[in-house]
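My request is simple: use the sequences and hints to build the entire structure.
Heads up: the protein sequence lines correspond to chains A and B, in order. Mapping of the first sequence onto my numbering: position 193 corresponds to residue 193, and the numbering continues sequentially without gaps. Mapping of the second sequence onto my numbering: position 106 corresponds to residue 1106, and the numbering continues sequentially without gaps.
For the record, the hints were derived by calculation from the structure and aren't laboratory data. Any given hint could turn out to be false.
Coverage of chain B stretches by chain A, computed from C-beta distances (three or more under 8 Å per stretch; other residues unrestricted) [what the hints assert, rightly or not]:
| id | stretch |
| --- | --- |
| 1 | 1083-1093 |
| 2 | 1096-1107 |
To spell it out: a stretch of chain A is covered by chain B in this simulated footprint if at least three of its residues, at any positions, have a beta carbon under 8 Å from a beta carbon of chain B; those stretches are [stated by the list, open to error]:
| id | stretch |
| --- | --- |
| 3 | 97-106 |
| 4 | 117-124 |
Some chain A residues well away from chain B (every beta-carbon gap over 12 Å; in silico) [what the hints assert, rightly or not]:
| id | residue |
| --- | --- |
| 5 | V189 |
| 6 | A191 |
| 7 | I193 |
Just so you know, even glycine gets a beta-carbon here, dropped at the ideal spot from N, CA and C.
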Amino acid sequence: MLVILVPGIGLGWLLARRRVVGQSLLHSLLYLPMVIPPVVTGYLTLLVFGKHGFIGRLLDQYFGISLAFNWTGAVLVSSIVSMPLLVRSVKLSMEMIDRRFSDASAVLGAGPVRTFYSITLPLAGPGIFAGLILAFARGLGEFGATVIFAGNIPGKTQTIALAVYSMIQTPGGDTSAMQLAMISVVLAVLAVIASDYLSRKMQTVGVNR
Amino acid sequence: MTLDIRLNLKRSGFTLDVDAQFNAGVTALFGPSGAGKSTLLHCIAGLLKPDQGTITLDTEQLFDSERKINVPPYQRKIGIVFQDCLLFPHLSVRGNLEYGQTGDKSSRRQQFQKIVALLEIEPLLNRAVNCLSGGEKKRVALARAILGNPRWLLLDEPFSGLDQALKDQIMMYLRRLYQAISIPMILVSHYPDEIADLADEVIFMEKGHLIAQGKLTPNGVDGKVCFCRSQTPGDLQKIKNWLIKNHSMRLDVYRSYTRAV
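Okay, structure coming up:
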């Protein structure tokens, strides 16, 4: 969740406020994980970050870091899969803020950095949180990409979804599967409610200027 | 203090072409809506970049297209009161006022108290910005701009959206403010009575062009006052006709001159 916060906000801002070269390409690349089957995402991640993958090999050689079948790998794939939700939310909420607040800030002597953290960020705050919560919930439920890239190692790379799957496969594991399933439903419902509330708050901020 | 502006800005279907000198005091930018008054203010503040030209404050170049100088707005020290105030909605009134303040703590507090007293904002300080009335918002926006300690203050239609009583009230505050700290101001307006009440000089604009500039002196006719300095005799005639037609205002020329462009 924290891993994606900074790049997520950065990318959202970039897409909302700047015209960069290759914008539409960046745009579609970012949203890809949302539409590609998670298993495929996991497989592609494995190809790139795995032991023999392009980046994975470099990481292994120079830093001795191996992401695949490790908890860091689980973090990596869930970041990739959930990032679009955050970026989208950041982008939408930043687009909703009247750009002229930045003008008002500038004529009061605030440079771009100060304007960003004292005006843009707080105004987009609820929207950013909403996206973060959604992304977090998405990460909790991660199954396909995680099972491919990080495996299903209890206590290490097992997400809630994976645990439920394992329990169902085990004879007599139905009850615990049920309990876990309930927990995940409750978490998901809470996340959606919270994110919905924050988005609405975002709208009122945007309107009452 | 003088603000010297020569600039050219092309937008689809609109050209702003201005050559003007603003002097210390209150100058009114007067003209029908769509004349480019707000656009000119945004150029002066650095929020819009002209295609060509220069903007010079005293001896400091704020913008020069040929020498590729374009001082960013946050370094220009030119304040704006926007038409719709643009108070920051996530900050209290106090937070908004303190936002642009610089300098050491004691001088900041002193300045803060002076302006707050002058514009009678004290009871509003801890309120949320969204709970202010139109007139209160204007006052806070005015105070915020002044507390940013600008060298020149630009007011973009400060009386728009206010009824007559509030308009008079804000005008009173503006006059009081100007008497206390004689900061040069440019006031955008399309109401002759606002201009007559506040300005020392008037610049007339139409369709992105400057038509005339002049000092304002009372001429005794219904308290309506007029200017006089113009670029060409033809332009002057145009203004006369326009003023009579749209504002039934008589134009008395006491000085006119032709300026080589």
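Just double-check A:A191 for me: nearest Cβ-Cβ distance to chain B has to come out over 12 Å.
-> Its Cβ never comes within 12 Å of chain B, the nearest being 24 Å, so this holds.
Under a C-beta cut-off of less than 8 Å, do 3 or more residues of the stretch 97-106 of chain A approach chain B closely enough to confirm the stated coverage?
-> Check passed, 7 qualifying residues.
With a C-beta cutoff of 8 Å, work out whether three or more residues of the stretch 1083-1093 of chain B approach chain A closely enough for the coverage to hold.
-> holds (count 6)
Measuring Cβ to Cβ, find out whether A:I193 lies farther than 12 Å from everything in chain B.
-> Non-interface label on A:I193 holds, nearest chain B Cβ at 23 Å vs cutoff 12 Å.
With a Cβ-Cβ cutoff of 8 Å, does the stretch 117-124 of chain A contain at least three residues near chain B?
-> This one holds; 4 residues, not fewer than the three required, reach chain B with a Cβ under 8 Å.
Report holds if the minimum CB distance from A:V189 to chain B is greater than 12 Å, and violated otherwise.
-> holds, 29 Å
Count the residues of the stretch 1096-1107 of chain B whose CB lies closer than 8 Å to any CB of chain A, then report whether that count reaches three.
-> holds (count 3)
Taken one by one, the earlier hints all hold for this structure without exception.
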